[in-house]
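Fit chain X to the known structure of chain U by using the hints.
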Amino acid sequence: MTALAPTNPWMAGAKDDYRVCGVTTLKVDMHAERLIIANAVMAVVCLVLGGIAALLIALTRWQAVHLLDATWFYRLLTLHGIDMLVAWIVFFEMAGLHFGSTALLNARHAAPKLAWTGFILMAVGGLMANFVVLFDPASTVTFTAYVPLKAHPLFYLSYILFAVGALITTITFFINIVVAKREKRYEGSLPLAVFGLMTAAILAVYTLLQGAIAIVPAFLWSLDVFPVYDPGIYRNFFWGFGHPAQQVNLAAMVSIWYMLAQMTVGIRPVNEKFSRLAFILYLFFINLGSAHHLLVDPGLSFAWKAVNTSYAMYLAVLGSMMHAFSIPAAMEIALRAKGYTKGLFGWLRNGPWNEPGFSGLVVSMILFGWIGGVTGVTIGTEQINMLAHNTMRLPGHFHATVVGGTTTAFMAFTYYVIPLIFRKELKLKKWAVWQPYVYGVGSALVSLGMITSGLQGVSRRNWDITFAGVVPGTVDLTLAIFGIGALIAVTGGIMYVTVVLVSILTGPRVEASNMLLVAGTNNPLLESTKLTDHQMEDKQNQPKGTLVMVFAFLVWFAVYYLTNWWLLGRTWFIR
Amino acid sequence: MLAPEKLWWKPMGRHEKTWLTVAFVWCVFLTVMMPLWYFMGKQNVPTETYRTTPTEFNETMLAFVEQHKVGEESVNGVTLPVVEAPPGSDVYLRASTWQWYPILQFQKGETYRLHISSMDLQHGFSLQPVNINLQILPGYDYVATIVPTTTGEFTIVCNEFCSLGHHTMIGKIIVK
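In the order they appear, the protein sequences are chains U and X. Going by the working numbering, the residue at position 219 of the first sequence is 219; the numbering climbs one at a time, nothing skipped. Going by the working numbering, the residue at position 123 of the second sequence is 698; the numbering climbs one at a time, nothing skipped.
Next comes chain U alone, as it looks inside the complex (with noise of 0.2 Å):
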């Protein structure tokens, strides 16, 4: 096994307390190591509360189920939104980046200290946003809380102690690359996968400032020391915070997309150049799409909406697509690079499928790419957000990205981290095989749901849409797609809780010893440094069925996009 550490020592002195991986080669200090686990931690708790919440109002926007009232509806639906899109998300993003810039340049935690401060900022102020929501009637105001509907000031002091913990942890993230740099713990340029964990912390700052700069004056306001805050502008600046919270996620996301494809199938990235570019381009463009949310606004002009909802020319999505394909042409080199040369899509067959990581990973792309990205880029487009605002559509668009997306590579990912940073044994290893799929199924079962009831105008956070009665009959019909869905993802939520709870309780202490976790003993981490030039350029691996997938998801958006333009035009004349 070839040392990947750097040869020079790790700084002599007394505070330093690290171990060596033995799968990776790599030192995990123990600070950061303390960190990961307090953060993913409390990503799981959350993570359960947020699923419970999830249960309890999917079986009640099924129709036929229709289980809460009105009150506790509203009430679970906010706490769903805390919970799940920020806390679970945000503290498995900042278990990340403690990981990213620590263990992946061989480094030290330069300020553990602060990192605990940020820890305690953000527990305390995600469990009080808990307590806030369920027992003051008042705070039912939903994720968004758009003034002027007014929450007790606890609800967005907890926002801010939690942006604000975020905010530190995500400055000891800069601390630690700094440091590292300094004491040579690594050399050259980052690495990919901590380059988008950068982009993620780059995007995270200014989103968490411009969250204090939309919540720290609503907190003023519900204390009556601002006697009015404008609705428009509180729109502009909440979604100039939650839109680019996205983005972070997605950033990460990627990030994660890489070292999972290099830990199952030992990828080595096509062409750095081209993958650092496309995160470029997110740090640089991704932020205009806060416009996403104000598209029918009034106030807002025409020219203004086209700029910013297209990310200055759509930009930002030219990254992702620039992912989409070299994520997978780097699989399909590397296992092409294996003899698997047979046809366009031979590799992709001999994949190691049973392996967690890996299904995880092509789960998360395919639900993100083709559900997630088609669907937001439709309905972030200026004319056809009339079509889309506030129906399900949305949440059927985000539930691919964040769930789909995001929430399976992170529930992937953990699975590596259990034996890697945990060290404990995972447990229930069947069950984690299956997780993957059971949960993709779910969620892309629940976005597929939500979208088509939105395509039949059925409004988004509405406790009783038959009310309206104008729903046509086969509303019935998809609003128990998305609840069936939701029972099965709910499944896999819990699969993947199990299987976490069990490695951690009742696992043996090991040293892990093995990258894969079930399909073989090999460590592709590892082998990835052995692939050639010569294997990267040879004719019989170049990427060809990656080029067919691209250009068939290509197409696909192209009919999904026109399709809405016809939808549109066959609608009222309005100006």
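By construction, these hints were calculated from the structure, which means they are not laboratory data. Please note that the accuracy of each hint is not assured.
[To be verified] Counterexamples of contact, computed for chain U against chain X with all Cβ distances above 12 Å:
no.: 1; residue: Ala38
no.: 2; residue: Val48
no.: 3; residue: Ala64
no.: 4; residue: Ile175
no.: 5; residue: Lys338
no.: 6; residue: Trp353
no.: 7; residue: Ile488
no.: 8; residue: Gly520
[Stated by the list, open to error] Pairs of lysine-lysine residues, derived as BS3-like cross-links and limited to a Cα-Cα distance of at most 25 Å, are as follows:
no.: 9; chain 1: U; residue 1: Lys184; chain 2: X; residue 2: Lys581
no.: 10; chain 1: U; residue 1: Lys530; chain 2: X; residue 2: Lys581
no.: 11; chain 1: X; residue 1: Lys751; chain 2: X; residue 2: Lys683
no.: 12; chain 1: U; residue 1: Lys181; chain 2: X; residue 2: Lys585
Just so it is clear, CB atoms sit at the ideal spot from N, CA and C, and this is done for glycine as well.
Relative to chain U, chain X alone:
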């Protein structure tokens, strides 16, 4: 996950170049579609907006209802005036928790300037099954110039959460 070789700034391969070009052309197409539709299409997002206050808008709306009232109908058990103004004129719709007021009546194929504003919270104007959705804010008089192209009774659903009775906020538009 691993640090790249020292020199990673290398020219892109043939496949990357092909895909990058195609994807970029697609992005340009996506961008061009919006201004193209803005000038050629019949369905565009209204932009005309005026500052107002709930009181001011309410007075204008009530005066409009008084002048053009043609009947009464019930929505959700509440009797509301049915109002029909001549084609081309300004018509007013008030959103408040949890009611759309009044019932508007239009002629198919005629143009109307539809003013909508909120008295209290944010609301969502969602006309079904036409499926036109607009955000309605207090303090903003949002003007949509519309031409109904189908006849029948249409429902206005509120699709922005406006506290607990949100789902009961239903209105009506009639097109003859």
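Query raised in the report: Which numbered hints does this structure break?
Result: Hint check: nothing fails, all pass.
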